[in-house]
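S.K.: Full structure from sequences and hints, please.
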Amino acid sequence: MKNILSKYIFVIFCLIFSQITNAKTDECFNCHSGLDDSPSKLFKNDIHQKVGLSCSSCHGGDNTSDDMEISMDKKNGFLGIPSQNKISEICAKCHSDIENMKKYRTDISTGQLEELKKSVHGAIAVDGKGMILQCTTCHNAHGIKKVTDSGSLVYPTNIPNTCNKCHGDINYMRKYNPGLSVDQLAKYRESKHGKLNLKGNRKVAQCASCHGSHAVFTSKDVRSKVYPLNIPETCSTCHSDKEYMKESNIPTDQFEKYKKSVHGVALFEKKDISAPVCNSCHGNHAATPPGISSISKICGTCHALNAELFGNSPHKKVFDENNYPECETCHGNHLILVARDQLLGVNEGAVCAKCHTEEKNPKGFKAAVKMRALIDSLVVLDSISRRQIFIAEQKGMEVEEAKFKLRDVHQAELEARTVVHAFDAEKFSEIINKGVNASNEVISEANSQVDEYYFRRYGLVVAVLIISLLALLLYFQIKRIEAKQNL
Amino acid sequence: MTQEIQKEKVQPRRDFLKYLLSSVTAGFGLIVFYPVFSFMKPPKQREVEVTSLKIGNVDDIEIGDSKIIRFGNKPVIVIRNGKEDFSALSATCTHLDCTVQYKKDESVIWCACHNGKYDLTGRNISGPPPRPLEKFKADVKNNEIIISKIV
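Protein chains in written order, with the working numbering: chain A, 1 to 487; chain B, 1 to 151.
Keep in mind that the hints were calculated from the coordinates and are not lab data. It cannot be assumed that every hint is accurate.
Stated by the list, open to error - Just so you have them, the derived chain A footprint on chain B, three or more residues with Cβ under 8 Å:
id	segment
1	21-29
2	105-115
3	124-138
Stated by the list, open to error - What follows is a list of derived Cβ distance ranges for each label pair:
id	chain 1	residue 1	chain 2	residue 2	range
4	B	Asp139	A	Glu256	54 to 60 Å
5	A	Leu469	B	Asp139	34 to 40 Å
6	A	Glu89	B	Pro130	45 to 51 Å
7	B	Gly82	A	Glu393	41 to 47 Å
8	A	Phe455	B	Pro130	20 to 26 Å
9	A	Glu393	B	Asp139	32 to 38 Å
10	B	Ser22	A	Leu487	50 to 56 Å
All figures in this text were calculated on a predicted structure; none of them were measured in a lab. All C-beta atoms in this analysis are idealised placements derived from N, C-alpha and C, irrespective of residue type, glycine included.
M.R.: In structure tokens form, the structure reads like this:
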């Protein structure tokens, strides 16, 4: 029994001794700590030091020897201070090795260097010596902390400042992208995201949330998370997640609504990248919901004429006084559907009656009824015109003239739908009348072609009758001449 | 006697046949010549497939002014930039097919429907138009403006 116990004590002693001797064998760190230099000071709190790596893991050499000649001998693999791409390659030696990284965390990503190489930061730097960015540019060389450690340069609340080291430096940025603004951080700090981030909220979006961390691409690159086609999904990563957004007290159905909207259909189905996406209305770095009075200005960046007409209309003053969100009151926000004529008037589906009830506002009510009747009449005339053209065309008649005139009817419809934003029944009638007149001309032209068709058709019948009768009469005449000759 | 009575009976029938024959022959002439004359009369609409068109004299458009002409079944806007410098572009907006117009004060081609704007080379520069306007060739020969399709 005594023997067994003494054996155990010996084994434990050996283990403790071996740990002590192992720790003491990192002679690089021992010596540099003695020098009290910055790298060794930072390395004391480095995650790599905590998991047992030594200076020689990156710098090479023999860390067991306290003789500088031996430990820093190139024969022993000493690299010195790695530069340019060598830096990232040294990091990738471990970080791109799945088996090696599994020792620390099973869910750790190992494709960072490959992603960096493909990214905009992986392009060759102006000095031509390597990539624009190396791992150490964002993570630092010594004193690297876990991403979840608030001391890390890439901890969510620190990322904006880390990116800003380059992106806020005009002299640096003009070497790569002189057109890119360098005030993103200032703008970000004005946004809802930026303000919360500054307060220490690590859940709100920061640079990497939207642009990615290693695979960062320019906004014109289809692979980018901020390429117009990808922006709604990028924003919805957080904004459609009820659990993630529960503290923010804002809806999470924006993306679902947007997908069904006229803008979402244009973007996702027609792949029209000029269609507005989240940042077109909310801004990007300074993202914040637009104020009530500025909505028409924001919609007006694309719908300029509508916004101008609305701005000069009697509605502008009333909307401002009552704090009604301008365009949004009639068209909605995320779920903006195609504005059909049914929106106008007082019937079901119309929006005017929301305010213009027959009892409280009979003038507006009547104007809405009248305007709806006018546009409806033009639409009916348009369809009659098209039908008459079709009938004449089916009969093989020439209708190009009528078709050319039909353009004016179409134009009047479109102009009326724009001018409706002036909420001026007279102006509206003027345009409708233009269309009605053009439509009447089209119908008359098409009808005259149909009449011409029937004239030709009946003319043919008459001609056949005349020719037959002529033949018959000639027969009788010949008979008469023959009878005369026989007498 | 019987022969005389027979002659009297036959005479009006023969006259009737004669009149009828003359009338029907005249009708026949009408049905032959009506289409001939109708064919000789030029049709109301111009040819649909037009490749080149004389639109009038140089002086018909003032310098810095414009005119919308019909080129086949399409409107074309002709702008006089200088003495003998004309540019011609399709006048159909590439957004929703409205007819565009020249806005002299802004030096742009403008669409009244949705405020779409094009520069004087037809490039879409503002508003909803997704594409530039189609270009046409504008030449001056013997003081006449000739617009033709670019093949």
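S.K.: Next step is simple, just say for each hint if it's right about the structure.
M.R.: Status of each hint after checking the structure:
Under a criterion of three residues with beta carbons nearer than 8 Å to beta carbons of chain A, the stated coverage of the segment 21-29 of chain B is upheld, 5 such residues being counted. With 4 residues bearing a CB less than 8 Å from a CB of chain A, the segment 105-115 of chain B meets the requirement of three and the coverage assertion stands. Look at the segment 124-138 of chain B against chain A: 4 of its residues bring a Cβ nearer than 8 Å to a Cβ of that chain, three or more, so the hint holds. About 57 Å separates the C-beta atoms of B/Asp139 and A/Glu256, a value consistent with the hinted range of 54 to 60 Å.
Between A/Leu469 and B/Asp139 the CB atoms are about 58 Å apart, so this pair departs from the stated range of 34 to 40 Å. Separated by about 47 Å at the C-beta atoms, A/Glu89 and B/Pro130 satisfy the suggested range of 45 to 51 Å. For B/Gly82 and A/Glu393, the hinted distance range of 41 to 47 Å is satisfied, since their beta carbons lie about 43 Å from each other. As the Cβ distance of A/Phe455 to B/Pro130 is approximately 45 Å, the hint placing it in 20 to 26 Å is violated.
A hinted range of 32 to 38 Å for the beta carbons of A/Glu393 and B/Asp139 is consistent with their spacing of about 34 Å. In this structure the hint that B/Ser22 and A/Leu487 lie 50 to 56 Å apart at CB is violated, the actual value being about 24 Å.
Going through the hint list in order, the structure does not satisfy hints 5, 8 and 10.
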